[in-house]
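A.B. asks: Single-letter residue listing:
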Amino acid sequence: MEEVKTNIEFPRELLDEVQRVVGMFPEGKQKSALLRVLHIAQAHWGHLSPDIMDYVARLLHIQPIEVYEVATFYSMYDTAQVGKVKLEVCRTGPCMIEGAEKIIAYIESKLGIKEGETTSDGIFTLKAVECLGACGYAPMLQAGEKFHEHLTEEKVDELIEQYRQNPVANYMGLQK
Amino acid sequence: MTRKLLLEHDHIEGIRTYDVYRKNGGYRSVEKALKSMSPDDIVEEVKKSGLRGRGGAGFPTGMKWSFLAKPDGVPRHLLCNADESEPGTFKDRYLMEKIPHLLIEGMIVSSFALGANQSYIYIRGEYMYVLQILEKAIQEAYANGWLGKNILGSGYDLDLAVAPGAGAYICGEETALIESLEGKRGNPRMKPPFPAVKGLWQRPTVVNNVETIAAVVPIVNDGGDEYAKIGIGRSTGTKLISASGNINKPGVYEIELGVSVEEFIYSDTYCGGIKNGKKLKACVPGGSSVPILPHYLVCKTAAGEDRLMTYESLADGGFESGSMLGSGGFIVYDEDQCIVRNTWNFARFYHHESCGQCSPCREGTGWMKKVLYNIESGKGKSEDIDLLWDIQRKIEGNTICPLGDAAAWPVAAAIRHFREEFEWHVKEPVLSQTENYGLVSEKSFVTETV
Ligand SMILES: Cc1cc2nc3c(=O)[nH]c(=O)nc-3n(C[C@H](O)[C@H](O)[C@H](O)COP(=O)(O)O)c2cc1C
Ligand code: SF4
Ligand code: FES
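Going down the list, the protein sequences come from chains A and B. Letter by letter, the first sequence follows residues 1459 to 1634 of the numbering used here. Letter by letter, the second sequence follows residues 201 to 650 of the numbering used here.
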């Protein structure tokens, strides 16, 4: 592996995980691991800054532009700072007819932020997202890896309380 | 009683684990295939079964498999499409989360049939917890000798891994999926060449939906002829339907193809009728991309025949009066729902998800979204309805991938069947902000006589 010149570096166990993921693809096709490695990096550092993307490029022996292209194409990647817990409420058809808009408005007033914003304590970011494959259990939101379905205002209250006390969202089995 | 081939064991405690899955007959198809069948025998059984792709297009699976190029010395790949992002569709998640080993078993027999030694499951990034369930099951399969080198002493090697997406509906399109799996943006490729000739890393590749691959397990176990006994005509076997919207019992159902739509919506075995005793207003039977049907065309065709849950019957009448089975994302709307709002919502979805490579799709979806929003929010003009019709026509058929069509069809169908509701929005800009139009009146269709 090339020498890494910045202080951005995965800890040993994450380097092992990167090795495992790269090993899923044939020799020379390590670029295929990029999406997964970006998920790991985002789980570890919270968002994908240019420095982090450059580090990932070095790890996978690809050009930085190849990483930027991907990081900006996919909606799950954040290239700017977000809250510790992203509340991603589905707003698509089936969820909309079951009251997704009301849930979004309720969270907005409860947290005092608008959709797309982060609370001043840095804990919550509220996002409206497209269908997450839970349409029969609408309305729903995703926080970290977890799906929260059949939402009501009471459920939202509980969730927010729970995440406020323990602002942990899992990705790739890693703790933020 | 409906026969279940995929979800027969979904209620069994611990079926997610290898031991329980194996005790309930799991991995029998791998034993049978590797010990007593050739790859071509399996392709033959799949052809006989009449199985059609469950990802949306309904292309015959056996035929697709037989198109796979087999140049000497070039590896081939099987990719499982677990991107599942079509609004209304949540069946693959259910299957993978409940019975992950069924998909893995299907991947092994299917990979063997195609001569693939390295296969991947591409799963949408939002299903990260399901990815972990699958990885655990794959580890168990390796540990028990179903994956790896020389499986069951047959000389056949297979490696299987799961790779995540990161939030992009377009990556469900097979060439975008391949690009994404190569670590790139999900921009669909021009066809030809087709993936069967040049797919992943320019090698011959088959892409199949989760449910399609799972269905290969009962086909190998019981034979293609047995599978083909279920269903009607060219719609054979069972299908997972994910039902959502204003019904009493939303969820995932395995149906025998051929059940009537009326039974599916109203019987307690399935959706249990419309919620709160309301009337049915409309139905999108196969995911957000397929044409919406107004109440009077849901349970009956324009010719007055019972509408059935089959590829043919749901499409009866073409786009004039029919729809499509699609992915099986069955969305039901009651009389209180606004068609204009829903059409705007879907148009926004497609605009958000367009990869931006072709201008008709990139610009057209944006225009449709804006015009629909204007009509919905009381700022519409009557010319806007014709404008919408014009935009959708200019998208359809003029793009690299079918996302353009998928964005155009719902708008076209909404105008075709619900024009009076659109006109009412324009005429009653204030009232339409608080009231709903209710049911549209029935139109008569000229049916061709043979
Ligand atoms: C925009 C778009 C999105 C799609 N999304 C999916 C998807 O999420 N899952 C899927 O199986 N097929 C999806 N498809 C269809 C695939 O391109 C492909 O036809 C399918 O995976 C083939 O599998 P099958 O023959 O087993 O159905 C999509 C197609 C388009 C155009
Ligand atoms: S039709 Fe839309 S999604 Fe498909 S390639 Fe063109 S711009 Fe991209
Ligand atoms: S529409 Fe919200 S999960 Fe599908």
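A few of these clues could be false.
[Stated by the list, open to error] Here are the computed lysine to aspartate or glutamate pairs in the EDC-like style, where the Cα-Cα straight-line distance is at most 20 Å:
(1) A:K1613 - A:E1573
(2) A:K1560 - B:D240
(3) B:K398 - A:E1485
[Said to hold, decoys possible] In silico negatives: residues of chain B with every beta carbon more than 10 Å from chain A:
(4) E284
(5) E286
(6) P287
(7) T289
(8) Y356
(9) D359
(10) F394
(11) T469
(12) Y496
(13) G504
(14) S582
(15) R593
(16) R619
(17) K643
What the hints contain is simulated information worked out from the structure, not anything from laboratory work. Note that CB positions come from ideal geometry on N, CA and C, so glycine has one too.
A.B. asks: Where does the structure disagree with the numbered hints, that is, which hint numbers, in rising order?
C.D. replies: 2, 4, 5, 6, 7, 9
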